[in-house]
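There are 2 protein chains.
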Amino acid sequence: MKIPSALNRLNEALRCLPGVGAKTAGRMSLHLLQNDRAGARVLAEALSHAVEHIVHCASCRNFTDNETCEICCDNRRDNSLICVVETPSDLMSIEATGLYNGVYHVLLGHLSPLDGVGPKQLGLDLLDERIKSGQVSEVILATSSTVEGEATAHYIAQQVKAMHVAVSSLARGVPMGGELDYVDSSTLAHAFKGRRPLE
Amino acid sequence: MKIPSALNRLNEALRCLPGVGAKTAGRMSLHLLQNDRAGARVLAEALSHAVEHIVHCASCRNFTDNETCEICCDNRRDNSLICVVETPSDLMSIEATGLYNGVYHVLLGHLSPLDGVGPKQLGLDLLDERIKSGQVSEVILATSSTVEGEATAHYIAQQVKAMHVAVSSLARGVPMGGELDYVDSSTLAHAFKGRRPLE
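Protein sequence lines, in the order shown, are assigned to chains B and H.
This note's numbering applies: residue 1 is where the first sequence begins, and numbers increase by one.
This note's numbering applies: residue 1001 is where the second sequence begins, and numbers increase by one.
Careful, some of the hints might be misleading.
[Stated by the list, open to error] With a Cα cut of at most 25 Å, we get these calculated SDA-like pairs of lysine to any residue:
1. H/Lys1120 / B/Ala38
2. H/Lys1120 / B/His31
3. B/Lys120 / B/Gln158
4. B/Lys161 / H/Gly1177
5. B/Lys120 / H/Arg1015
6. H/Lys1023 / B/Val51
7. B/Lys120 / H/Asp1036
8. H/Lys1023 / B/Ser48
9. H/Lys1023 / B/Ser93
10. B/Lys23 / H/Pro1175
11. H/Lys1023 / B/Lys120
12. H/Lys1023 / B/Ser89
13. B/Lys23 / H/Arg1027
14. H/Lys1023 / B/Ile71
15. B/Lys23 / H/Tyr1100
16. H/Lys1023 / B/Arg15
17. B/Lys23 / H/Ala1044
18. B/Lys23 / H/Leu1170
19. B/Lys23 / H/Ala1025
20. H/Lys1023 / B/His49
21. B/Lys23 / H/Lys1120
Hint data in this document are derived by calculation from the structure and do not stem from the laboratory.
Given the structure is predicted, the values throughout are model-derived calculations rather than measurements.
Only chain B is shown next, with the shape it has when bound in the complex (with noise of 0.2 Å):
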């Protein structure tokens, strides 16, 4: 038996999204055919809006549908402050701690000179540019603790230092809740290393 064509087409197109293979796609696609066309139809049309409309914040490379996201708009923000992260999510992630109130750097990404992603890929132009403005006084590197984030971050720092800038990178130590007997002994040592004196 053949598929319908229009079935076969929508489980091809199911599988661009990530951790969706063949046998996934073609439950989600029966799903809406048989439970929820109107979702479907929702959903083609949220796809279609938002790859029109969202775009690359001009100034930190944040998404948002304007210029400029609404963090670098915000004039209650700290432009002295950049913190650099890999991606959107990272972003959100530490917005959603409510505790930093400077702007944002988006790599992108991270260095990856075998897939063809260098400095100006990740946007370290932009970044330059605006520490050359001569508004900031510290970068935060907040980049992924993986050997490709590091590598990143140590490249970001030697930029930054040549310029005369402050940098800083996240403490690395015990998560809040872990008990050290989970605890992985490189994160441990850190955790040693780092070790403050108590008040």
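Fit chain H to the known structure of chain B by using the hints.
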């Protein structure tokens, strides 16, 4: 920080997919916007197209983009055998075996009075009509081996028997490649009861 409304809308819309919660939806939308906008556009079109063009076959309720599905239209298939399945994906699994040459009736669910799913919702009136036309010699019940599936099969069996047409159900037993150690006792009991003489 407020998330751009177009992004928010996409996150909400993605949750209509089965097994996709808030976290996965966020990951999906960021992936699409960051790495695969072309894929997102294709998906939007495929969704609209499928919702518009995929309908249920007037005879067997399978998915089709015509009035009757390819199986019902195919005059090489044996119209005297009707296999009753719960969903189009069950139908596709049976088709994949390449062993069955009859036609189908797709219930699109199972009996569930509390959810308002009765014989009418399962298209049993359609099935009755086909049986009454006189061509049918056997109805094969291939509903799921769950309580609901079995109850539905029992109900249909009563109806078909009343019309003096043979009814059968799929064999229950040890699956191929299944080690006896790992087969549950209920399946094993069925396999014992249904044992076959070796020639």
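Hints, one by one, checked against the model:
With a C-alpha separation of about 23 Å, the suggested pairing of H/Lys1120 with B/Ala38 holds against the 25 Å cut-off. The hinted pair formed by H/Lys1120 and B/His31 meets the criterion: a straight-line CA distance of about 21 Å does not exceed 25 Å. Straight-line distance between C-alpha atoms of B/Lys120 and B/Gln158 comes to about 16 Å, which keeps the hinted pair within the 25 Å bound. Restraint check for B/Lys161 and H/Gly1177: not satisfied, since their Cα atoms lie roughly 63 Å apart, outside the 25 Å limit.
This hinted pair does not check out: B/Lys120 and H/Arg1015 have alpha carbons roughly 35 Å apart, beyond 25 Å. About 20 Å separates the Cα atoms of H/Lys1023 and B/Val51, which keeps this hinted pair within 25 Å; it holds. Taken as a hint, the B/Lys120 and H/Asp1036 pair is honoured in the structure, with Cα atoms around 20 Å apart against an allowance of 25 Å. Under the criterion of a C-alpha separation no larger than 25 Å, the hint pairing H/Lys1023 with B/Ser48 is consistent with the structure, at around 21 Å.
The hinted pair formed by H/Lys1023 and B/Ser93 meets the criterion: a straight-line CA distance of about 12 Å does not exceed 25 Å. At roughly 21 Å between alpha-carbon atoms, B/Lys23 and H/Pro1175 fall within 25 Å of each other, so this suggested pair holds. The straight-line distance between the Cα atoms of H/Lys1023 and B/Lys120 is roughly 30 Å, outside the 25 Å bound, and the hint therefore fails. With a C-alpha separation of about 11 Å, the suggested pairing of H/Lys1023 with B/Ser89 holds against the 25 Å cut-off.
Among the hinted pairs, B/Lys23 with H/Arg1027 is consistent with the structure: their alpha-carbon atoms are about 20 Å apart, no more than 25 Å. Taking the CA atoms of H/Lys1023 and B/Ile71, the gap is near 23 Å; set against the 25 Å cutoff, the hint holds. Among the hinted pairs, B/Lys23 with H/Tyr1100 is consistent with the structure: their alpha-carbon atoms are about 22 Å apart, no more than 25 Å. Distance restraint check for H/Lys1023 and B/Arg15: the Cα-Cα separation of roughly 18 Å lies within the 25 Å cut-off, and the hinted pair is therefore satisfied.
Annotation: proposed proximity of B/Lys23 to H/Ala1044 holds, straight-line Cα distance about 20 Å (limit 25 Å). Between B/Lys23 and H/Leu1170, the direct Cα distance comes to roughly 24 Å. Compliance with the 25 Å bound is thereby established for this hinted pair. For the given pair, B/Lys23 sits about 19 Å from H/Ala1025 by alpha-carbon distance, which is consistent with the 25 Å threshold. Between H/Lys1023 and B/His49, the direct Cα distance comes to roughly 21 Å. Compliance with the 25 Å bound is thereby established for this hinted pair.
Restraint check: the Cα-Cα separation between B/Lys23 and H/Lys1120 comes to about 30 Å, which exceeds 25 Å; the hinted pair is violated.
In this structure, the earlier hints numbered 4, 5, 11 and 21 are contradicted, and the remaining ones agree with it.
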